[in-house]
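> Spelled out, the chains give:
Protein chains: 2
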Amino acid sequence: MKTVTNVFDLRSTLGAWREKGQRIAFVPTMGALHAGHLALVDHARKSAGKVVVSIFVNPTQFGPGEDFERYPRDLEADAEKLRDAGVDLLFAPPVDVIYPPGFATTVHVAGVSEGMEGARRPGHFDGVATVVARLLCLVLPDVAVFGQKDAQQCAVVMRLVADLGLPVEVRVAPTVREADGLALSSRNAYLTAAERTAAPALFRALLVAQLVHELGEKKPEKVLKAFRLALETEPLISLDSADLVDAATMRPVEKIDRSVLLAAAVKLGRTRLIDNVVFGG
Amino acid sequence: MKTVTNVFDLRSTLGAWREKGQRIAFVPTMGALHAGHLALVDHARKSAGKVVVSIFVNPTQFGPGEDFERYPRDLEADAEKLRDAGVDLLFAPPVDVIYPPGFATTVHVAGVSEGMEGARRPGHFDGVATVVARLLCLVLPDVAVFGQKDAQQCAVVMRLVADLGLPVEVRVAPTVREADGLALSSRNAYLTAAERTAAPALFRALLVAQLVHELGEKKPEKVLKAFRLALETEPLISLDSADLVDAATMRPVEKIDRSVLLAAAVKLGRTRLIDNVVFGG
Chain X
0 MKTVTNVFDL RSTLGAWREK GQRIAFVPTM GALHAGHLAL VDHARKSAGK VVVSIFVNPT
60 QFGPGEDFER YPRDLEADAE KLRDAGVDLL FAPPVDVIYP PGFATTVHVA GVSEGMEGAR
120 RPGHFDGVAT VVARLLCLVL PDVAVFGQKD AQQCAVVMRL VADLGLPVEV RVAPTVREAD
180 GLALSSRNAY LTAAERTAAP ALFRALLVAQ LVHELGEKKP EKVLKAFRLA LETEPLISLD
240 SADLVDAATM RPVEKIDRSV LLAAAVKLGR TRLIDNVVFG G
Chain R
0 MKTVTNVFDL RSTLGAWREK GQRIAFVPTM GALHAGHLAL VDHARKSAGK VVVSIFVNPT
60 QFGPGEDFER YPRDLEADAE KLRDAGVDLL FAPPVDVIYP PGFATTVHVA GVSEGMEGAR
120 RPGHFDGVAT VVARLLCLVL PDVAVFGQKD AQQCAVVMRL VADLGLPVEV RVAPTVREAD
180 GLALSSRNAY LTAAERTAAP ALFRALLVAQ LVHELGEKKP EKVLKAFRLA LETEPLISLD
240 SADLVDAATM RPVEKIDRSV LLAAAVKLGR TRLIDNVVFG G
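Those protein sequence lines, which keep their order, are chains X and R. So in numbering that gives the first Met the number 0, spot 101 of the first sequence is number 100, and the numbers just go up one at a time. So in numbering that gives the first Met the number 0, spot 32 of the second sequence is number 31, and the numbers just go up one at a time.
It should be emphasised that the hints constitute simulated quantities derived from the structure, not laboratory data. As the structure is a computational prediction, the values presented were derived from the model and not from experiment. We put the beta carbon where it would ideally sit given N, CA and C, even for glycine. Accuracy of the hints is not assured; some may be wrong.
Result set (SDA-like, lysine to any residue): computed pairs, CA atoms no more than 20 Å apart in a straight line [to be verified]:
| no. | chain 1 | residue 1 | chain 2 | residue 2 |
| --- | --- | --- | --- | --- |
| 1 | R | K217 | R | G280 |
| 2 | R | K19 | X | A15 |
| 3 | X | K19 | R | W16 |
| 4 | R | K19 | X | P166 |
| 5 | X | K266 | X | A193 |
| 6 | X | K19 | R | P166 |
| 7 | X | K266 | X | L238 |
| 8 | X | K19 | R | E18 |
| 9 | X | K221 | X | I255 |
| 10 | X | K19 | R | A15 |
| 11 | X | K266 | X | P234 |
| 12 | X | K19 | R | K19 |
| 13 | R | K19 | X | G20 |
| 14 | X | K80 | X | A38 |
| 15 | X | K217 | X | G280 |
| 16 | R | K19 | X | G280 |
| 17 | X | K19 | R | R17 |
Here's a subset of chain X near chain R, in silico, CB distances under 7 Å, partners left out [unchecked claim]:
| no. | residue |
| --- | --- |
| 18 | T59 |
| 19 | F61 |
| 20 | V108 |
| 21 | G110 |
| 22 | A132 |
| 23 | R158 |
| 24 | L159 |
| 25 | D162 |
| 26 | L163 |
| 27 | G164 |
Isolated chain X, as found in the complex (with noise of 0.2 Å):
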């Protein structure tokens, strides 16, 4: 595996690759790797010759107040791990390589980013799409693979890439889970003892929700209800946000009659986890 920091040396890479008729997947990611990013690898090396992964904690997507001085980075065991699954690139910019002196521009989602984590976090999504669409232009893969953990960010890159008109197909990777649910996150690294027993109560949650619209309910307020009730059997778990959308616009239903992502948010100590789950349609 090769490692590059700067432009030139991505581009030279990846031209001679592309000389050679290679197509090019691509994974972006913060860091902090586990097993869920190495799936979205996996992914990528299925779906290409050649997989690079790039590794940038990019602090215009972090908001005021929240962890971007204390988000994990570990760029040797990253390297390491990136190795050992077999990826050829690793492309790891310092901050003034992405955003060098003079930096001006802003990519905005409209639609899809303004609801559920767009909405709690202002701004955070403006970073995603300002971040990806330049990690995309200056890759250019063929391939670029997203978590599904990430919902709504994946329907922003996906509304991104279709209307700059990037030649990029993004494709969208199961969440990846602990033996007893929990969706792996690097944010997980954060978690006490007690706090890491909780946290599998979100999942199950969940699934009691997507359970009860499976047993024919079909109002969103009443899937939301068995869901914040599951969820309150957990006394560790403090629960932040929880969103029933449709699964293509994120913008609320008022009946699941369609494919819907039923999203949430919760607090465990300073932490903050994400999980969803899709059902109905």
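Got chain X; can you put chain R on it based on the hints?
Quick look at chain R alone, frame taken from chain X:
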């Protein structure tokens, strides 16, 4: 010359050329083509084996009350001129090919877009940046050619291309003028005979201002005053705006000690014309 109106046909034509190793130069236009555009095409021909021109009157860069509806459109005459100029591919999409249903993305370039035309035409440069980003992603040319007459637009496009990391070389071609100095513009077609006779006074006044600097004047307000006085000799012209800014940042300067842009907009009847000169430094 081949004409395409949708993304699929555009991409398959470009893809076939790329497979043969052809370099591609691109000239985005709003049609109503004149010798100024053809000079951009000429520049493009010298830069690459294949030349692509787009004709798209972009609604999002016109403000309310501007001339979107009456903007001159004559696709047949334009296509004829491009054919004669040796253009290889004309991309002439309808509005819903550039902005399909659900389109939700805006590209905003801060800084260079904020003064001058950006301040007077709110949203104008968001419209420009968004459509140029989309066109550049769709065509992915090696070279894109823009005209110096729209100096601030050139600055926005250069910023945008650098910030997104698009692998496109942006070239700025000099303004083409009539024998009497009037900058070629699609909007010149709106002028009455009397207005057309008066119109060259704009460029003459810009040259007067430049001369005043070259004779030793370094104060922007003095140079601007010379410009205004020179323009006042032509009663059919009313001054809309005049700005003297750093040619790189598009920000006002306190002293002419570097390369500056003197950019002006005037009204002749209902018609608004722009022009500029660069000097100093």
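> All hints, please: hold or fail.
Hint by hint, here is what the structure shows:
no. : hint            : verdict
1   : R/K217 / R/G280 : holds (11 Å)
2   : R/K19 / X/A15   : holds (17 Å)
3   : X/K19 / R/W16   : holds (17 Å)
4   : R/K19 / X/P166  : holds (19 Å)
5   : X/K266 / X/A193 : holds (13 Å)
6   : X/K19 / R/P166  : holds (19 Å)
7   : X/K266 / X/L238 : holds (6 Å)
8   : X/K19 / R/E18   : holds (12 Å)
9   : X/K221 / X/I255 : holds (11 Å)
10  : X/K19 / R/A15   : holds (17 Å)
11  : X/K266 / X/P234 : holds (11 Å)
12  : X/K19 / R/K19   : holds (14 Å)
13  : R/K19 / X/G20   : holds (13 Å)
14  : X/K80 / X/A38   : holds (12 Å)
15  : X/K217 / X/G280 : holds (11 Å)
16  : R/K19 / X/G280  : violated (46 Å)
17  : X/K19 / R/R17   : holds (14 Å)
18  : T59             : violated (12 Å)
19  : F61             : violated (19 Å)
20  : V108            : holds (5 Å)
21  : G110            : holds (4 Å)
22  : A132            : holds (6 Å)
23  : R158            : holds (6 Å)
24  : L159            : holds (6 Å)
25  : D162            : holds (4 Å)
26  : L163            : holds (5 Å)
27  : G164            : holds (4 Å)
Checked against the numbered hints given earlier, the structure breaks hints 16, 18 and 19 and satisfies all the rest.
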